[in-house]
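So the sequence lines, in the order shown, correspond to chains A and B. The first sequence begins at 0 in numbering that gives the first Met the number 0 and counts up one residue at a time. The second sequence begins at 0 in numbering that gives the first Met the number 0 and counts up one residue at a time.
Check the hints yourself; a few may be wrong.
As the list claims (entries may be wrong) - Below, a sample of chain A positions facing chain B; criterion: calculated Cβ distance under 7 Å:
1. C196
2. G208
3. L209
4. E335
5. E337
It is worth saying that the hints were derived from the structure and are not from the lab. By construction, the Cβ of each residue, glycine as well, lies at the ideal position given by its N, Cα and C atoms.
What follows is the residue order along each chain.
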Amino acid sequence: MSVILIKGGHLIDPAAGVDGLKDVVLKDGRVAEIAEPGKSSLGKGKAGPELQIIDAKGLTVAPGLVDIHVHLREPGQGHKETIATGTAAAAAGGFTSVAAMPNTTPTNDTPEITRWMQAPERGASVRVFPIGAATRAIKGEVLNDYAALKSAGAVAVTDDGHPILKDSIMREVLINATRQGLSVIQHAEDTRLTGGCSMNAGATAFRLGLRGMPQEAEFGLVERDIRLVTELSMNGKGDKNGHRPHLHVAHTSTAQAVAAVRQARRNGLRVTCEVAPHHFLLTEEHVGAYDTNAKMNPPLRSAADRDAMIQGILDGVVDAIATDHAPHAAFEKEVEFERAPNGITGLESALGLSLRWLHQEWKLPLGRVLSLLSAQPAALLGLRGRGTLAVGSFADVVIFDPKAEWVFRAKDSRSKSKNTPFDGWTMQGRVRWTISEGRVIFQAATA
Amino acid sequence: MLSSRELTPETVSAILTLATQLESEDPLRRAERLAKRRIALLFYESSTRTRTSFELAAKGLGADTTLVSSLSSSIEKGETLKDTGLTLKALGAEAIILRHPSSGAPWLLERETRLPVLNAGDGMHEHPSQALLDLRTILAHLRPGETQVTAETLAGVTVAITGDILHSRVARSNMLLLPKVGARVILCGPKELLPEVAAQAGPGIAIERNFERALAEAQVVMMLRIQAERLAGLQLDLEEYKAKYQLTEARLAAFAPKALVMHPGPIIRGLELTGEVADGPQSVILEQVHHGVAIRMALVYRALTVGVGA
Chain A
0 MSVILIKGGH LIDPAAGVDG LKDVVLKDGR VAEIAEPGKS SLGKGKAGPE LQIIDAKGLT
60 VAPGLVDIHV HLREPGQGHK ETIATGTAAA AAGGFTSVAA MPNTTPTNDT PEITRWMQAP
120 ERGASVRVFP IGAATRAIKG EVLNDYAALK SAGAVAVTDD GHPILKDSIM REVLINATRQ
180 GLSVIQHAED TRLTGGCSMN AGATAFRLGL RGMPQEAEFG LVERDIRLVT ELSMNGKGDK
240 NGHRPHLHVA HTSTAQAVAA VRQARRNGLR VTCEVAPHHF LLTEEHVGAY DTNAKMNPPL
300 RSAADRDAMI QGILDGVVDA IATDHAPHAA FEKEVEFERA PNGITGLESA LGLSLRWLHQ
360 EWKLPLGRVL SLLSAQPAAL LGLRGRGTLA VGSFADVVIF DPKAEWVFRA KDSRSKSKNT
420 PFDGWTMQGR VRWTISEGRV IFQAATA
Chain B
0 MLSSRELTPE TVSAILTLAT QLESEDPLRR AERLAKRRIA LLFYESSTRT RTSFELAAKG
60 LGADTTLVSS LSSSIEKGET LKDTGLTLKA LGAEAIILRH PSSGAPWLLE RETRLPVLNA
120 GDGMHEHPSQ ALLDLRTILA HLRPGETQVT AETLAGVTVA ITGDILHSRV ARSNMLLLPK
180 VGARVILCGP KELLPEVAAQ AGPGIAIERN FERALAEAQV VMMLRIQAER LAGLQLDLEE
240 YKAKYQLTEA RLAAFAPKAL VMHPGPIIRG LELTGEVADG PQSVILEQVH HGVAIRMALV
300 YRALTVGVGA
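Starting from the given sequences, assemble the full structure and let the hints guide the process.
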């Protein structure tokens with residue numbers, strides 16, 4: 000395998016505590032060397048068949064981004080997205096690791112499907128980490144075999160869009176996942192309160208004549224899950240192997256849910272949460288004239304909730320930014336609002352939006368933004384060697400121009416689907432190269 | 000015309016003036032206005048009043064109309080709203096009058112067909128032509144002879160809208176329209192059918208849970224049907240509801256002896272109001288139906304002459 004020298008760039012690797020001009024040498028799919036500019040062992044090596052040199056002068060070099068919440072739609076829903084197209088979109092967005100949700104057709108209940116998703120035949124551009132279904136066919140009744148799922152490569156379990164409502168089942172899921180050292184991800188929605196609902200409950204939903212999902216449908220379930228985690232954590236001692244349950248709350252959208260996570264952490268529990276860009280940027284007002292690209296689950300909430308997401312990110316309660324990339328074919332979204340499927344794409348807009356808003360507008364240091372998009376989500380799911388460029392780590396790199404402003408166009412997306420509310424939005428920070436395990440998988444057309 | 004929200008007093012005034020003009024015009028001359036123009040009525044829900052009056056209105060202007068309803072068309076076979084709309088356009092329809100069970104459906108149809116769409120009721124959202132004909136009915140009684148409306152025309156008038164507000168598109172269109180011409184709207188009903196957030200729908204809207212207090216303040220009482228088909232899961236004791244909110248002769252005599260009694264129909268006698276009240280001297284329910292044709296003539300005419308967004 001050839002060697003890549005990234006020279007002259009500004010390396011930001013929050014996990015390794017690096018923030019300065021460095022040369023980076025990638026070899027055999029790993030980070031071989033981090034050196035002062037011009038001081039690497041390659042010296043002034045010349046580019047050739049065995050050495051690719053990337054001039055990163057004026058650019059930021061960072062660990063490849065990690066998205067722990069994407070829907071790649073395979074197996075079974077290839078008209079929306081395939082693992083190949085979804086990971087191509089990931090590469091274009093600077094992501095090198097994605098964790099794929101199990102609500103496929105069939106659901107990811109078995110090691111066979113888990114392996115199938117990672118097989119080379121899928122044509123993935125970036126590393127895919129499957130998340131197993133917590134219960135068979137995500138019906139919330141019978142637990143899957145977590146040991147088998149884990150050995151096939153699953154990094155967590157969840158029933159995603161079909162949250163586990165029964166206390167007894169959720170308790171079993173937490174116990175069994177903990178035994179295997181797996182995280183439990185919950186899409187927190189008490190579906191008993193949200194039947195027939197298509198947006199956030201409140202004055203806007205009333206005015207639009209749409210049934211609204213109450214906030215308590217989210218935070219009520221988060222609080223229930225935290226009670227279970229509290230019980231099972233045995234005052235921090237964990238189970239007989241010392242394993243403590245890890246609950247990860249997916250796409251947090253309400254102020255109360257973030258507050259519940261904050262309190263759980265103060266109480267010493269392993270409870271983490273993620274926020275999607277649309278939840279820290281948009282509100283229910285964006286539904287506008289029944290725009291189905293503003294329909295997702297959890298829904299866009301009130302301005303107060305949106306502000307709580309920003310606050311949670313700034314003060315550190317939020318552990319990760321995750322896109323909930325949820326592609327749907329155009330024909331599926333061109334229907335009545337109430338009948339449209341939930342979800343929007345997100346892989347190609349997450350970095351640009353985060354830099355534009357979290358960094359530039361709300362002054363979150365660049366290193367912290369990048370940490371939320373790489374080091375922290377990687378650590379959260381225990382993805383070893385990801386989310387950092389320390390020597391020996393996987394050669395997963397994103398190189399972007401932090402000053403470049405550009406306009407995101409849905410039609411130019413690599414994703415098979417174009418369902419995004421951010422079409423035409425101004426982004427900050429243009430991805431120039433994305434490298435996955437030492438292979439250049441995305442290179443921007445030079446401006 | 001998709002929603003009351005987008006109407007200004009000037010537009011309302013223009014619609015009312017045109018309605019009166021068309022209503023009094025010689026029928027033969029009127030029929031030349033849209034002679035042989037094509038208008039489609041696309042109805043995904045049953046309707047008596049709205050469908051018939053839109054159809055009579057379009058025909059009164061000379062247009063050819065065609066009715067497509069969900070139970071006797073390819074909609075049954077799974078054709079989408081978008082494709083049905085594009086099909087009607089290909090058949091020469093220049094405007095579509097849509098009734099649909101999903102809130103917001105007219106916006107989808109307008110986006111996809113680029114035709115003027117008249118909202119004849121979308122889900123729980125709006126029914127703007129009903130609000131306009133209700134306004135015409137109110138004006139005929141409370142402001143007879145006034146030809147122009149302004150933001151103050153109904154100043155001092157309180158309209159009590161009572162019943163199943165949550166599921167009512169008529170209530171939403173009226174609570175958004177009437178304050179624009181000066182009226183005060185009181186919403187009345189139990190919590191299950193009238194959430195507190197309703198008062199935030201627009202300016203000039205208040206909630207009064209006590210029906211008798213609401214009646215005492217009102218010059219107009221607008222009763223709404225309990226929409227059994229939309230109640231989905233709500234536990235509502237109808238006997239208790241009637242005890243608190245049914246409009247009876249006794250209540251009317253005691254608290255609102257001079258108020259106009261309105262109802263968008265269909266009425267369920269013995270539920271939201273008694274048969275005696277529906278047939279009584281204060282009831283203008285059939286006048287409302289009558290005003291529907293003139294209002295809808297004006298809307299159809301504007302749709303084909305002013306175009307999208309009018």
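Hint check:
1. C196: 11 Å, violated
2. G208: 3 Å, holds
3. L209: Since the shortest Cβ distance to chain B is 5 Å, the answer is holds.
4. E335: 4 Å, holds
5. E337: Because about 5 Å separates A/E337 from the closest Cβ in chain B, which is inside the 7 Å limit, the hint holds.
Hint 1 from the list above is the single one not met by this structure.
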